[in-house]
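Chemist: Residues per chain, in single letters:
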Amino acid sequence: MTKPIENAVVKSFIDLYIANMELITEGVSMTVNNARADAIEDFLLNGIPNTKYEKYKYTDIHALFAKDYEKYFASQNISVAQADLFRCDVPNLNAHLAMVVNGFYFGEPLTVLPNGAVFGSFAAASKSYPELFEKYYNKAADNAGEGLTALNTAFAQDGFFVYVPKGVILDKPIQVVNVLVSNEDIMVQPRNLFIVEDNAEAKMAICDHTLSTNGFLSNSVTEVFLGKNAGAEVVKVQNENNQSANISNVYAVQEALSRYNANAVTLHGGLVRNNVTVNLNGEASENKLTGLYLVDKDQHVDSRTVVNHNVPRCLSNQLYKGVLDDNGVAAFNGMVYVAKDAQKTEAFQTNRTLQLTDEAKIYTKPQLEIYADDVKCSHGATVGQPDTDQLFYMQARGIGEREAKLLQMFGFAHEVIQHIGIEPLRDRIDDLVNKRLRGELSRCNVCEMHCM
Amino acid sequence: MHSTKIKTMLSIKNLHANINGKEILKGINLEVKPGEVHAIMGPNGSGKSTLASVLAGKELFEVTEGEVLFEGKDLLDLSPEDRSREGVFLGFQYPVEIPGVSMTNFMRAAVNAHREYKGIAPLSASDFLRMMREKSQIVEIDAKLTNRSVNEGFSGGEKKRNEIFQMAMLEPKLSILDETDSGLDIDALRIVATGVNKLKRPDNTTIVITHYQRLLDYIVPDFVHVLYNGRIIKSAGKELALELEEKGYDWLKNGEY
Numbered sequence: 000m001t002k003p004i005e006n007a008v009v010k011s012f013i014d015l016y017i018a019n020m021e022l023i024t025e026g027v028s029m030t031v032n033n034a035r036a037d038a039i040e041d042f043l044l045n046g047i048p049n050t051k052y053e054k055y056k057y058t059d060i061h062a063l064f065a066k067d068y069e070k071y072f073a074s075q076n077i078s079v080a081q082a083d084l085f086r087c088d089v090p091n092l093n094a095h096l097a098m099v100v101n102g103f104y105f106g107e108p109l110t111v112l113p114n115g116a117v118f119g120s121f122a123a124a125s126k127s128y129p130e131l132f133e134k135y136y137n138k139a140a141d142n143a144g145e146g147l148t149a150l151n152t153a154f155a156q157d158g159f160f161v162y163v164p165k166g167v168i169l170d171k172p173i174q175v176v177n178v179l180v181s182n183e184d185i186m187v188q189p190r191n192l193f194i195v196e197d198n199a200e201a202k203m204a205i206c207d208h209t210l211s212t213n214g215f216l217s218n219s220v221t222e223v224f225l226g227k228n229a230g231a232e233v234v235k236v237q238n239e240n241n242q243s244a245n246i247s248n249v250y251a252v253q254e255a256l257s258r259y260n261a262n263a264v265t266l267h268g269g270l271v272r273n274n275v276t277v278n279l280n281g282e283a284s285e286n287k288l289t290g291l292y293l294v295d296k297d298q299h300v301d302s303r304t305v306v307n308h309n310v311p312r313c314l315s316n317q318l319y320k321g322v323l324d325d326n327g328v329a330a331f332n333g334m335v336y337v338a339k340d341a342q343k344t345e346a347f348q349t350n351r352t353l354q355l356t357d358e359a360k361i362y363t364k365p366q367l368e369i370y371a372d373d374v375k376c377s378h379g380a381t382v383g384q385p386d387t388d389q390l391f392y393m394q395a396r397g398i399g400e401r402e403a404k405l406l407q408m409f410g411f412a413h414e415v416i417q418h419i420g421i422e423p424l425r426d427r428i429d430d431l432v433n434k435r436l437r438g439e440l441s442r443c444n445v446c447e448m449h450c451m
Numbered sequence: 000m001h002s003t004k005i006k007t008m009l010s011i012k013n014l015h016a017n018i019n020g021k022e023i024l025k026g027i028n029l030e031v032k033p034g035e036v037h038a039i040m041g042p043n044g045s046g047k048s049t050l051a052s053v054l055a056g057k058e059l060f061e062v063t064e065g066e067v068l069f070e071g072k073d074l075l076d077l078s079p080e081d082r083s084r085e086g087v088f089l090g091f092q093y094p095v096e097i098p099g100v101s102m103t104n105f106m107r108a109a110v111n112a113h114r115e116y117k118g119i120a121p122l123s124a125s126d127f128l129r130m131m132r133e134k135s136q137i138v139e140i141d142a143k144l145t146n147r148s149v150n151e152g153f154s155g156g157e158k159k160r161n162e163i164f165q166m167a168m169l170e171p172k173l174s175i176l177d178e179t180d181s182g183l184d185i186d187a188l189r190i191v192a193t194g195v196n197k198l199k200r201p202d203n204t205t206i207v208i209t210h211y212q213r214l215l216d217y218i219v220p221d222f223v224h225v226l227y228n229g230r231i232i233k234s235a236g237k238e239l240a241l242e243l244e245e246k247g248y249d250w251l252k253n254g255e256y
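Quick mapping for you: the protein sequence lines, in order, are chains A and B.
If you're matching positions, the first sequence starts at 0 in numbering that gives the first Met the number 0 and goes up one per residue.
If you're matching positions, the second sequence starts at 0 in numbering that gives the first Met the number 0 and goes up one per residue.
Simulated from the structure, these hints should not be mistaken for laboratory data.
Do not rely on the hints blindly, as some may be mistaken.
As the list claims (entries may be wrong) - Derived lysine to any residue pairs resembling SDA-like cross-links, with alpha carbons at most 25 Å apart: (1) A:K404 with B:R147; (2) A:K404 with B:A108; (3) A:K287 with B:P98; (4) A:K375 with A:L405; (5) B:K57 with A:F347; (6) B:K252 with B:K72; (7) B:K72 with A:F409; (8) B:K158 with A:F347; (9) B:K57 with A:F409.
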């Protein structure tokens, strides 16, 4: 697209950008601010994707951005009791805890661990670690190709930052609780940056929550960089209210021999769009993307993955599974791209959906694009109803029909959950998914919020 | 109710069943009393597995005529799960894999459903695990199998042993073992048969469905029935199995037509 998109929604964001320039640029480093001018230009060129746009064919987000959300360009004085942090607790998960409220980091801006690892506020980090931002910030995000990413880059103010220096292995996971809480409908655009340097290792658990029943629109961008032989696991649990929309854009870049596992579990949320783009830039790097979506009522969950095998001998694995009930809609669009010289690539991609009603809809499109000639790749998708042989087998053992169906769905979901490497979190998610499938999940543990 | 009926555990009278409009069972009659072992033999396609499935309540089959009483209750009126809870067990010819559901979760759901039906409180986690351990020894099943998903990646022998393990866990009154010997080597066959014999009690009953005499060397039947073309065409003592092994089924078929 070369022609600027002239429409009211795009124009309103440009106006907003210009009107709030001082506030937006406050609190972050030059590197972050210097990226804005190009980004707003990119946004103007790309606009907000509508359903005519292939990548957003099944998810109409344009209408969302036209809605009248409040936008704040400074952290509001919302009192989030420290106790709220523990409302998202995971029994036996010993983790470094961090919190982001309405897109702004909450609490001590930066925590430096004895081993040199740092986590905390994106804004604070941009000022304290200018050389890291110079090297990494906005290097993976595709502003030129994705209007929403460009929009985030133009408005980026705060979010979450993790830095694990060379050779450092984090002693315990970092748990980030992303909380949305307000008494009005608001839009937020968190910007996150994770840097795991050569031979370093980190695990992260990210929980997306809404703590009030307002409609929220979140358009986040996360850049992940893995150095040579680095390892990272990121588990994301999305449990937001059904009036909310969550659009996340993750861009990961992997150097040689690195290992990146990302798991997204969508328990609740009105409209969820998870975009993941991975660039395997170093030989023999490994990537695993897994996703689980439990969709009922009028929920809509859309997963889009792009895995680029740019160099030889990398391995990528994708497993996305979902259970669809009521009028739920899900979409999966996965692309594995194997460059001409990326010989000995191994790439596997699977999408499986259990469809419980005739009204539920799934659009699935697993894609492979291969330009090398010595590769091992597969892709596939299945959509099915509950397996009657399995149900009869369970009933023949005395398990009631409803319980048998639940066990079957749980088993179906567990195949994704079992890939989670953080054990207490895996158990917790098993438990949450079990409750969710039973219709008992209106809250996480002791949280007061009814996410249904 | 007649006193003879109380003594009978399972009474099948003139049972007819269809699949997709095709009649498979054409009037089965069978009486089984507590403590007995019955073998049902017969050539392929005679209706042996259909009989087992109909007794367990598989919906695929439509019963068009006849009745089945289990301890005086109308079995055909019960859901598959209630038949199990009443004490009917089907050992599957092809045990089903359930990915993602561990044997432990599966068996705990089953055992506690049985207990709830009987009005007994669910087993505590530790009592349940102890029970799993004890019963797994009966069929020499590796304790590790109980941590895996139900039947997933099990060898043929492991699947069949797992059926007998489940039988041990649920302590049924009536066990119908549908070709439990198929696909087993001689060692696995012996282990499975030994398991069945260990579970034998004066008040429970086993119906063994098999093609071959081989299994009956280990599980010795009181009665042998030949099922052919949807009917039991001959019933006799255990010596009939040997005779069938020697002469095949043709001499009986010829008698029928």
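Chemist: Look at each hint and say if it fits the structure.
Modeler: Going through the hints against the structure:
A distance of roughly 19 Å separates the Cα atoms of K404 of chain A and R147 of chain B; the hinted pair therefore holds under the 25 Å criterion. Distance restraint check for K404 of chain A and A108 of chain B: the Cα-Cα separation of roughly 12 Å lies within the 25 Å cut-off, and the hinted pair is therefore satisfied. Restraint check for K287 of chain A and P98 of chain B: satisfied, since their Cα atoms lie roughly 20 Å apart, inside the 25 Å limit. Between K375 of chain A and L405 of chain A, the direct Cα distance comes to roughly 36 Å. Violation of the 25 Å bound is thereby established for this hinted pair.
Distance hint between K57 of chain B and F347 of chain A is unfulfilled; the C-alpha atoms sit about 37 Å from each other, more than 25 Å. Between the alpha carbons of K252 of chain B and K72 of chain B the distance comes to roughly 34 Å, so the proposed pair goes past 25 Å and is violated. Among the hinted pairs, K72 of chain B with F409 of chain A is inconsistent with the structure: their alpha-carbon atoms are about 34 Å apart, more than 25 Å. Pair hint K158 of chain B plus F347 of chain A does not hold up; C-alpha atoms about 29 Å apart against a cutoff of 25 Å.
Taking the CA atoms of K57 of chain B and F409 of chain A, the gap is about 23 Å. The hint holds against a cut of 25 Å.
In this structure, the hints that do not hold are numbers 4, 5, 6, 7 and 8, in rising order.
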